Amino acid sequence: MGQKKNKPVSRRDFIKTAGTAALAVGVGAHIIVPGRASAQQKTLKILQWNHFVPGYDKWFHNTYIKEWGEKNNTKVIVDNIGLAGLNSRAAAEVSAQKGHDLFLFLWPAPVYEDQVIDHREIYEECERKYGKAIDLAIRSTYNPKTKKYYGFSDSYVPDPINYRKDLWDDVGMFPDTWDDIRVGGGKIKKKHGIPVGIGLASEIDTNMALRAIMYSFGSSVHDAESKPVLKSENTLEAIKFVKALHKEAMTDEVFTWDASSNNRFMLSGKGSLALNAISITRTGENKKIPVTDNIWLAKAAKGPVRRIGLEHVMDVYVIWKFAENIEGAKQFLIDYVGNFRSGFLASEFYNFPCFPKTVPDFKTLISKDSKAKPPDKYKVLEDVLDWATNVGYPGYANAAIDEVFSTWVISTMFAQAAAGKMTPKDALNQADKEVRRIFKKWRDRGKI
Amino acid sequence: MAIVEARNIRKYFGEVRAVDGVNLATREGEFLVLLGPSGCGKTTLLRMIAGLEKPSAGEIVIGAQVVNSLPPRARKIAMVFQSYALYPHMRVFNNIAFPLKAQGVPKKARKEKVEWAAAMFGIERLLDRKPRELSGGERQRVALARALVREPDVFLLDEPLSNLDAKLRTAARYELQQFQKRIGTTTIYVTHDQVEAMGLGDRIAVMNEGKLRQMGMPQEVYDEPADTFVASFLGSPPMNMVERNNDIVGFRPEHLLPTEVHGTSEHLVTFQFHLSRVEHLGAGRLLYGLLGAPFADQKVIANLASNVMIVFQPGMSYTFAVKTANLKFFDRATGLRIEPRPL
Amino acid sequence: MTVLRSTVLGARLIRLRDDEHWLGRLMLAPAIAYIALLIGFPFFLALYYSVSDITVGGRTMSYVGLRNFLAIVQNPTFIMALKNTLTFAFVSQILVLILANVLAQALMKDFRGKWVVRFLILLPWVAPISLGSIGWLWMFDSIYSVINWTLQAVGILDHNTRIMWLGKPALAMASVITVHVWRLLPLATVILIAGLSSVPQDIHDAAAVDGAGFWRHHFQITIPLVAPIMTVAVLFGFVFAFTDMIVIYVLTRGGPYNSTQVLASLAFFTGIDGGDLAEGAAISLFLFPLLVAAAFAFLHLARRVEVT
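Chains as they are written, first to last, in the working numbering: chain D, 1 to 448; chain X, 1001 to 1343; chain U, 2001 to 2308.
Keep in mind that a hint or two might mislead.
Here are the simulated SDA-like pairs of lysine to any residue, each with C-alpha atoms no more than 25 Å apart in a straight line [as the list claims (entries may be wrong)]:
1. LYS1113/X with VAL2117/U
2. LYS421/D with HIS2217/U
3. LYS425/D with VAL183/D
4. LYS440/D with ALA2071/U
5. LYS2109/U with ARG1010/X
6. LYS2083/U with VAL183/D
The set of hints was computed from the structure by calculation and includes no laboratory data. None of the values given here were measured: they were computed from a predicted structure.
Could you put together the complete structure from these sequences and hints?
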């Protein structure tokens, strides 16, 4: 009786019981594009998030799926939901064995491997048509153990450094290395009272930024063979660095953050640096916030071992095994990749292509943006593939990596040390124990 | 012990005048009954004396002190409610001990007092029970014991017998009276039952529509009612009221007797009595009928004791009479008592 | 033949209509179906999951006994979440109880504008909790906190100091408890008002005449008399506090560093986001025996102090 409000299990079961009728509950915009009425007309149901850039959804709904639907004699239905609801929705659809033909995750979803088709064919067809996919896409959708592609990644979102050029110029520094960030950030904080903002909370941006620091310090959760290797001198150094960074250049607000906090942080003028997608500057440009012109982008910072950053969002489409229109879904993805240049423009450079050749004039486009001041603000992203990697680096994303990510093991480790609740060593030991436990669980299940 | 006084007390609930200027004072150690029909303001008056309601105007005086601004607990009163208002979650012992606790009486003294009060009402064996395990009569005694235990200056009783069955009520009435005489505490007792009022009260205060109609000893109020309301409210069956010119003539049913039953030496007024119905009550008979001229067709009742052996036939006419001294005269317009006048 | 059959059927229907036994069952059926489908079924499925190795992406599962339970008790995060859950539940319930008492007492009195106050107090209950929590999220925001702004405006905080409501373990716990109390207070208050109005006025009058002051009156008369119904409010509150995670999910997601992580939120992160449905079920069911015991104890207590 006490458990009836419990989310994880009962929602799933409720839907399982009530069947597909319930799937419609909670779906926001429900857009149906009527094609020509015809007896043979097929239906393709897509579920994806409310895109950060509203213009993208407008293009997708009003232009792209309309044209595609007419061309393929298919009625395309798109449901949009908030990003926080994606996992619950996926769990519900799997439980009910009914749902959408295409489901867009914003991160790799290896745990659903048994529930999805092998997406190999789509990659092969796309590579044949549009050239090679980037490594980042493969690493976020491929399980080397089972040799199965458990998703298809059309695009990703870079996670560059956003910094206040005026403030950094004022102290005569540039955030090129993590040590620059610590020292320069400290100087700015001392001089202007404006801190650096690398999250130390249970939220997705924190998860990304801290992994970027780990990787650049030569540390990682697992290695290329999916063995847990968190416990290392490199990780300890990374923890100590974050502790120092917090002490010298940040304030306690980073413990309070949610996924949108660093946007507010930068746009309110109360931050000197953050790691985020280009959403900060895009919001500033669209809302004409004065400080925006002083927020510049920089490639990922260099650590003691390498210069590396993460993708901010990894778009991963999956086609359920139980989808009703598998062929249509495959075709949709292949065609979508072929039209990616329009998507890239509609998303205002938010979605970057996983098949680079689909946007041949990529470098020209981003070096001359109509909204940005200066217009080449986004040019720094042109070599993003040289420094962006996936969650799960240097190996592949997998179910254990996913659980470590979702249960905030890494952010808790860093935060506990930075807050002085634990020594860096103890925090590392605790996290390592947890990581090993999670890896063992999934290894026992034969998934890694 | 104390004298309780109400000085020009008024209580308005919005437009409703529950108590409308009452002046009254008890005597030391007196058992005063507030009598009236429901809604006459008697309970409201009692609650104002207790401090549970604030008067809209006027003063309440207890023991020569104006107590209007004092809370109930500072008025040295005890009250017994119609529902008894026993604390349902406490054992009888704790119910009785509660007022003592509130006064800060030490534990040992408390126990002695509770036992004394329980002994007064013969409920020693009930002390460990919860109120819901008691009969109506037992609850009433517990309520009385709780009121007694703090030895108040004034007892206020709000229809404490109305929840008892008829047989028990008579016994309880007697006990209550004996108890009050023994401890001699000024007591104000509210009831709508005139039998109770007659039996219990040293004096009766009759109220109607928020006003005090008459105050006096039971017999006085019964025999010499101040107005038609008091006359008709006391007595069962009520006083016969017949109209004559601008007056109302009243006489009690037990005074309307066949002429031959009256002694010859008295001044009598005779009536023609057309008998319509006879009710046998065991202890006597009630005769319903109409008067003849000059009170043509006015309904009256005669109450005959069982020692009157005459046989009466419905439908027949008889000659009945009332002693002149037993006729009461009232003004037809105001209802107030007026001087006797010849018929 | 058909005519005959239909009359027989009609007669049967009439008999059924007059048969309280069967009619009663028929009328109860929807409620029982509702409980079975929406409460019973998920609950037993959760029980089943908790002793299996199912994942969120799995259709097959095998029995693993108590392995999930053994695994979670060795997990420091789980132990922390367990402690947090107890703190969260007990502190919030004590506060709810005290405040609901004060509010209910106040609302029993007649005063001008009472309905406005009643309406305002009931508002948190009718507003969707997720929206309410988002409102609080803004009040606790690190930059735009209206609480900090107010404190600065009245000079309690200097202009450069900002309290990080959700950034320190104790403050964050206090914040989520505050929101939870804010949310549950209306229900508890309404329940208590119902309890208070069921106490006869005579009893209050008797206590007043018997000399009880405010505190004695409140603690020796009023509280014991509304205790049974108060127990119901507390039981509801506990079940909510133990099983609900919306407030925590919106405000902290268990942070900072798991200091507000409770069992319900941890179960969600492990079971749905993390994909290990079996372990999530085990986490969420861990307190179930305790809750059942508490429910029994409370209901027993309620019956014992019941008054005529």
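### Task
Compare the structure with the hints numbered earlier in the document and write down the numbers of the violated ones, lowest to highest.
Result: hints 1, 2, 6 break, sorted rising.
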